[in-house]
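A.B. asks: Construct the complete structure from the given sequences, taking the supplied hints into account.
Residues per chain are reported as follows:
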Amino acid sequence: MIFFGILLVLVLIAQVAEFFIPPIRSLFNAHIYLAPLIVFYGAVVLPFPLMLALALYAGFLLDTLTVQVIGGKVEISLGWSILLYAVLAGVMHGLRPLFVRGRWEVHCIVAGLCTSAIILAQYLMITFRRGSISFTKEVWWQIGTPGLVAILVSPLVFYVLHWIARATNPALLERRRFDT
Amino acid sequence: MKRTNVIALLVLGAILGLLFNLGPGTTRDFQAKVYQLIAPLLTGGSGIAKQVTQVRSGLKSLEELEKDNNGLKVENRELRATNQALRDTEHEVNRLRHALQYKERSVFKLVPAEILARDASTWWHTATINRGKEDKIDNDMPVITDEGLVGKTTTASQNISIVLLVSDENCKVAASVEGTREQGIVQGERVTTGVTPVLNLNFLSKQANLQPGQKVYTSGVGGVFPSGLLIGTVKSFRVRELDGQAQLTPAVDLSRLEDVFVVTGMTKGR
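Each protein sequence line maps, in turn, to chains D and S.
So the first sequence is numbered by the working numbering: it starts at 1 and just counts up by one.
So the second sequence is numbered by the working numbering: it starts at 181 and just counts up by one.
Please note that a few of the clues may not be correct.
[To be verified] Keeping only pairs whose Cα atoms sit at most 16 Å apart, straight-line, the calculated EDC-like set for lysine to aspartate or glutamate is:
{"hint": "1", "chain 1": "D", "residue 1": "Lys137", "chain 2": "S", "residue 2": "Asp320"}
{"hint": "2", "chain 1": "S", "residue 1": "Lys289", "chain 2": "S", "residue 2": "Asp318"}
{"hint": "3", "chain 1": "D", "residue 1": "Lys73", "chain 2": "S", "residue 2": "Asp320"}
{"hint": "4", "chain 1": "D", "residue 1": "Lys73", "chain 2": "S", "residue 2": "Asp209"}
{"hint": "5", "chain 1": "S", "residue 1": "Lys230", "chain 2": "S", "residue 2": "Asp439"}
{"hint": "6", "chain 1": "D", "residue 1": "Lys73", "chain 2": "S", "residue 2": "Glu349"}
{"hint": "7", "chain 1": "S", "residue 1": "Lys213", "chain 2": "S", "residue 2": "Asp318"}
{"hint": "8", "chain 1": "S", "residue 1": "Lys352", "chain 2": "D", "residue 2": "Glu18"}
Think of the hints as simulated: they come from the structure by calculation, not from any bench.
Quick caveat: nothing in here was measured; it's all calculated off a predicted structure.
C.D. replies: Below you can see the structure in the form of structure tokens.
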């Protein structure tokens with residue numbers, strides 16, 4: 001539970017930090033996202049109910065910080081990010097056995113893909129609400145770059161989180177837990 | 181599947197069901213409360229971000245000094261560093277004096293605010309300001325600078341508010357073009373491609389034939405934005421199937437916003 005609490009704090013810090021990380025101007029203003037990586041690491045090591053709790057917390061934070069209420073209408077209602085996080089964290093959770101065998105590269109790549117999937121899903125949802133779908137080069141860069149950055153950064157983030165997990169709750173990382 | 185997992189899934193499903201059915205008012209309340217909770221973090225983060233920027237600019241000038249004055253003594257460097265710090269202060273004083281003068285001559289009742297953070301997500305163009313309901317700021321209030329229109333507030337909590345920038349596709353502003361009878365709706369683009377966002381002025385007549393450099397102001401239609409606020413200048417004009425569309429360069433450099441004003445009303449006698 002200590003590690004779960006630490007993850008909750010880290011997700012909050014990462015979510016706030018994203019406000020201050022400037023977008024990459026040279027890559028069509030693509031943003032960098034850190035919070036999904038923490039959620040996806042949590043999904044790998046935490047038991048299923050706690051994974052869902054983490055997805056609920058992170059999704060709620062993401063929704064409340066980005067949702068737009070304009071003219072008495074909510075563009076994307078609260079809850080969609082929770083659903084997204086829960087599904088994607090479920091995918092990561094399914095890869096738990098690989099993680100303990102040291103196949104970190106799979107999780108790093110999947111974490112990047114899932115990060116891009118969140119942004120793609122957001123784009124599809126606002127497109128559905130606003131109409132006129134278009135997938136230009138800029139759109140793909142803005143969806144793909146955060147994923148690529150996540151793939152590059154995830155080994156470091158996962159290593160630090162793994163170290164914290166080992167220090168606070170080594171039982172979480174026992175092999176038998178992953179093999180069940 | 182384990183029993184605890186099934187229960188967890190059911191609980192999550194129930195919470196999602198509740199959240200999906202929330203109305204706009206409750207959603208806005210939730211949002212305001214969350215922003216209020218993280219307000220200290222945003223304020224602290226904004227301060228750190230500004231310090232980092234100052235240190236970076238300081239290091240830059242030191243590098244230049246080292247190149248130009250390799251043989252200068254340490255005392256000389258200290259003096260120059262002090263000078264740099266004073267220049268920063270002078271810049272700040274000038275900026276605030278400028279803002280104060282604008283506030284005094286404006287026809288609007290203005291509440292000055294500082295940008296804490298902006299653009300936390302890819303698809304929504306918003307900024308967070310350090311003023312809220314305590315400063316009589318409410319939802320749907322215009323936000324401006326002395327250069328022109330910035331956007332409008334969408335959610336106001338006690339001492340923090342979210343501003344929907346004019347560059348966002350959801351921010352629609354009724355506008356008129358200087359020197360013509362043309363009127364239209366200004367709207368941002370869903371995907372920003374360059375450093376400077378482009379605004380679209382839609383629903384113009386096909387014969388409008390606007391020229392680059394013409395100024396576009398708010399027309400006052402719609403009730404949120406008062407008339408006469410500069411939105412931007414015409415960059416190009418094209419005729420579409422049903423109407424004319426102009427592309428505008430925003431009057432305000434939205435990427436470098438520091439201080440803004442929230443329009444809370446009109447001054448007496450105006």
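A.B. asks: State for each hint whether it applies.
C.D. replies: So, going through the hints one by one against the coordinates:
1. Proposed proximity of Lys137 of chain D and Asp320 of chain S is contradicted: the alpha carbons are some 34 Å apart, above 16 Å.
2. For the given pair, Lys289 of chain S sits about 14 Å from Asp318 of chain S by alpha-carbon distance, which is consistent with the 16 Å threshold.
3. Of the supplied pair hints, the one linking Lys73 of chain D and Asp320 of chain S holds, its CA atoms being roughly 13 Å apart against a limit of 16 Å.
4. For the hint pairing Lys73 of chain D with Asp209 of chain S, the CA-to-CA distance comes to about 13 Å; that is within 16 Å, so the pair holds.
5. Of the pairs offered as hints, the one joining Lys230 of chain S and Asp439 of chain S holds, with about 13 Å between alpha carbons and a cut-off of 16 Å not exceeded.
6. Of the pairs offered as hints, the one joining Lys73 of chain D and Glu349 of chain S holds, with about 15 Å between alpha carbons and a cut-off of 16 Å not exceeded.
7. Our distance criterion of 16 Å between C-alpha atoms is met by Lys213 of chain S and Asp318 of chain S, whose separation comes to about 14 Å.
8. Distance hint between Lys352 of chain S and Glu18 of chain D is unfulfilled; the C-alpha atoms sit about 27 Å from each other, more than 16 Å.
Hints 1, 8 from the list above are not met by this structure, while the remaining hints are.
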